[in-house]
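Enquirer: Spelled out, the chains give:
There are 4 protein chains.
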Amino acid sequence: MPRKPIIGVIGGGTTASPEGLALAEEVGFLIARADAVLICGGLNGVMSAAAKGAKRGGGLTVGVLPTGNKADANVHIDVPIATAMNTARNLIIVRTADALIAINGSFGTLSEMAHAFDQGKAVFALRTWPLDKAGVDDSLYVRVGTPREAVDRAIEYARNAIPKERSGPDFAP
Amino acid sequence: MPRKPIIGVIGGGTTASPEGLALAEEVGFLIARADAVLICGGLNGVMSAAAKGAKRGGGLTVGVLPTGNKADANVHIDVPIATAMNTARNLIIVRTADALIAINGSFGTLSEMAHAFDQGKAVFALRTWPLDKAGVDDSLYVRVGTPREAVDRAIEYARNAIPKERSGPDFAP
Amino acid sequence: MPRKPIIGVIGGGTTASPEGLALAEEVGFLIARADAVLICGGLNGVMSAAAKGAKRGGGLTVGVLPTGNKADANVHIDVPIATAMNTARNLIIVRTADALIAINGSFGTLSEMAHAFDQGKAVFALRTWPLDKAGVDDSLYVRVGTPREAVDRAIEYARNAIPKERSGPDFAP
Amino acid sequence: MPRKPIIGVIGGGTTASPEGLALAEEVGFLIARADAVLICGGLNGVMSAAAKGAKRGGGLTVGVLPTGNKADANVHIDVPIATAMNTARNLIIVRTADALIAINGSFGTLSEMAHAFDQGKAVFALRTWPLDKAGVDDSLYVRVGTPREAVDRAIEYARNAIPKERSGPDFAP
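Chains as they are written, first to last, in this note's numbering: chain H, 1 to 173; chain L, 174 to 346; chain X, 347 to 519; chain D, 520 to 692.
These are calculated hints, taken from the structure and not from any lab test. Every residue gets a Cβ at the ideal spot worked out from N, C-alpha and C, and that includes glycine. You may find that some hints are simply not true.
[Unchecked claim] For each label pair, taking beta carbons as the anchor points, the in silico distance ranges come out as:
id, chain 1, residue 1, chain 2, residue 2, range
1, L, Arg206, X, Pro509, 50 to 58 Å
2, L, Asp208, H, Ala71, 17 to 25 Å
3, H, Gly145, D, Glu684, 31 to 39 Å
4, X, Glu495, D, Glu684, 17 to 25 Å
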């Protein structure tokens, strides 16, 4: 059986708008309902709202923290990952997610979108940086209009990215 | 409600002995039975055996990979974390675990033990490097004799390390 | 005496244009002539051209590599830094540079610019991503027209960023 | 022409003894006299003493910092590398050095030695952790008695590790 899809939600911490937070919570809820795992930066704003939504939907939440202190994770995170690597943790979120949804966000989010593109991974963009205007191709920067569209498309994208068969090492003592 | 304890199992990949693998599987099983999350390096040997045991025990398994490819995770990993940071991922395992159990292992395991001590975190040592002989204090390097002793002591250690109350940011739109 | 300024040159590897490479070599030359240290990603394209220019100017070149193999550095690098952290090395370049000059470049360069902005650090932009069109403020994204303008402004920016007095620990046995 | 050897000096910060600091300064001096580059952690204690010695010897000093603030480097560092990756910077020092000399040191130094062994790289050990007693082979853990012996052997080891010809990409517009 393939593993569950892992959907990354990236976006503003202190800079998210009330609308952005509401979108993020709905996105998190729908990710959980799709039986996918939520991964995010583990802190406040969009990260906390998405995790809250995912918990309401009965899902699993992973927060990849910039600090080495798991107590920095928001209260909706099940599995805090303590990196102590500051914003280098952004790359771990991007690499680990099978698909990414961006909501609002400032330069940290911009960096995550750039790393995603650099890895050939699409970002589903919901009220965030208009990178199409800077020349990013619409196969990578995909504007979406609603949480439902964001999650449906991200899940479909993720399912295509996940190998049908597990290929890693097994263990047979 | 406090989050679940996260127990790290570190040890040999290709270098683990058949005995070490059997110990690791039992350790993983007992971690799951204690309702704790298993974190490991996600690859083969002790990492795979512990994850197999944890799945048999009904637990959740997190594998922090040195590569950027989640398909490198062993087949017992629920949540692969793709770091693409090579052995710098060792530090993420050590920081994220509330307590660590070491089984067999070569220099990678030795590095993880050193990082744990550096962070003031004990390692419960089951047939691994005899660091007491090199002068590491027995409050940090704790020899244990069985998987049961390793897991019981690690769980107790972890429970003491986890704050009773969540203190991270909440979200209330 | 304050330390020398460190100027980061970021830009395309395989994607740089012949014009971009010529600009990069001139930028590197002028950095060296200004008695500043060049830091870059250590590989090919803009990274190699800038380093070649800096050596022609008699300067010191540092290349922060994504791999763990120093032999991957281009032949103009004096000090290869082997990270084995893949694109997480981009952040080290951005943090270490006192000022950044971007020339051409694809998504890796875009990520470096985003990290610079996230750290409040300006990027002097020479034929690269038009991030002003995506809404980045012109105090951070600074369009320049020539290598001379890029280096003059970067050096001035760097000198303002470097403390006049060294404040780190000394050693007096 | 091959690049200069890069010799890493690792050891105690606040925990170094007066004897250890004096040894480190002499080691740094001899590294510079051998026309090699010194790399270290950039902070205090052994790191500062070795850098002071290298500057007295007319050498180049690189400090790979755990923080993102270059002003944290000791006053003898020419090129501070700001990682903001906490102790993950230890691995960068180990990977970048062609050979390593350890002097005194606590668990951070122990982690660096373990990472060196993991990479198949020898450590020349001067009054530091007695890892031979824990079973590390003497081809990797090499006890030395004096700064002169440490540096002579490290330089020889480094010269054998550096390719005679540069093989990285060139640039020819």
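Enquirer: Take the hints in turn and mark each one as holding or not.
Expert: Now for the hints, and whether the structure bears them out:
As the Cβ distance of L/Arg206 to X/Pro509 is approximately 56 Å, the hint placing it in 50 to 58 Å holds. Taking the beta carbon of each, L/Asp208 and H/Ala71 are about 20 Å apart, inside 17 to 25 Å as hinted. At roughly 57 Å, the beta-carbon separation of H/Gly145 and D/Glu684 lies outside the given 31 to 39 Å, and the hint is violated. In this structure, X/Glu495 and D/Glu684 break the distance hint of 17 to 25 Å, their C-beta atoms being roughly 38 Å apart.
In summary, the numbered hints that this structure violates are 3 and 4.
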